[in-house]
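Novice: Given these sequences and hints, build the entire structure.
2 protein chains.
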Amino acid sequence: MKEFKKTDRTTITRLPKRGSYDQETIHAILDEALYCTLAWVHEGKPFQIPTGFVRIGDKVYVHGSVGSFYMRQLVAGQLPVCLAATMMDGIVLARSAFHHSVNYRSVVLFANAEQVTDKQELYDALEAFTEKMCPGRWADVRKPTDNEWKATMVISLKIDEVSAKIRTGPPKDDEEDYDLDIWAGVQPLKELRGVVIPDPALKPGVAIPDYLKQ
Amino acid sequence: MKEFKKTDRTTITRLPKRGSYDQETIHAILDEALYCTLAWVHEGKPFQIPTGFVRIGDKVYVHGSVGSFYMRQLVAGQLPVCLAATMMDGIVLARSAFHHSVNYRSVVLFANAEQVTDKQELYDALEAFTEKMCPGRWADVRKPTDNEWKATMVISLKIDEVSAKIRTGPPKDDEEDYDLDIWAGVQPLKELRGVVIPDPALKPGVAIPDYLKQ
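Those protein sequence lines, which keep their order, are chains H and Z. Going by this note's numbering, the first sequence runs without a break in its numbering and finishes at 214. Going by this note's numbering, the second sequence runs without a break in its numbering and finishes at 214.
You can trust all of the hints, since none of them are fake.
Chain copies aren't distinguished; within one or between two, either way the pair holds.
Straight-line C-alpha distance at most 25 angstroms; calculated DSS-like pairs for lysine-lysine:
1) Lys143 <-> Lys132
2) Lys150 <-> Lys172
3) Lys172 <-> Lys203
4) Lys172 <-> Lys143
5) Lys143 <-> Lys203
6) Lys213 <-> Lys190
7) Lys150 <-> Lys119
8) Lys150 <-> Lys17
9) Lys132 <-> Lys172
10) Lys132 <-> Lys2
11) Lys143 <-> Lys213
12) Lys45 <-> Lys5
13) Lys213 <-> Lys172
I should point out that these hints are in silico values taken from the structure, not numbers from a laboratory.
Specialist: Right under this line is the structure:
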């Protein structure tokens, strides 16, 4: 079990018991979250963008177009970025308004953006990203052409300065409130994948692949 | 129909057709999203945090503890922040790996953090926040005491410099790929609220309120 070293930026000061620096915990959150937000500084002001990502080993990969202004900014200066990935797991309904909360799992990562120039690393990142979004998909699709590869920029972020924050379980109320006639508990939240909708332009006779059947 | 004015920061340069500056569209995304990420700059570097929020009129409200380091930082300097709220609506499965995408609705908002000092505005924001997370809840709960109100800091952000970005619909493939024997379509994603789990410490006989029954 590896623990990441706390830094000034990753030490959780507010409700520190919810903090985790455990590698396995952090990897699991990064692997489940379908998107992240990537924040950076431009001319002294904060920017952020939601984007897909994938983890391989001790790096997180984000891809975009080589024409993307923000991607070019990030790699040109190997800018410091802050990535956050969050899953909302439930609404925590306490007896008091004050103790209402949410169950969640989040990761915040600080790193400098590096452009991936190694072809194999870039291929692997995009294949892993496709498989993360839809397990089983890569084997089926028409693979990228040389020009498509060239149109794609991939940024890597080292997973090193990182922390997770997690809340689970029932509400915590003040001792004297437990006797109130107020219902308390958790309403779970879950992101579900629905029944697939075929492209109206789908070629007749092409069946839904097994990995998309529910 | 009000359109927000585009600025250098909110003009969508990448796939501009997905951009929207329409007030109704932006409000609807802010009202549906259960959390946002708030990014700011500290000592020249980017930070961000996931947090709950609620919109009332032309302001977004974020609350936290008066002891929260980041909240105090933000209001002390009325710092510029960037807020993002995103809903993932589907995985877009194209015939080519390159044209895979996601359907999503996101808002990115730039504003300076202002501490809410007016008591009524603070009360209204916290009531609206509770009602957003769980419609019907506020009438039931034990209301905040004076000390609880004092322990809560609320920040407001003016909705003015803002844009939305939205993708909907089926995949778009290259013309020559439509004849391939590859299934294509959309896998919808939906955040569902599950059956509530009572607090193990629930007072016997307290029934689940109607607004939490499915």
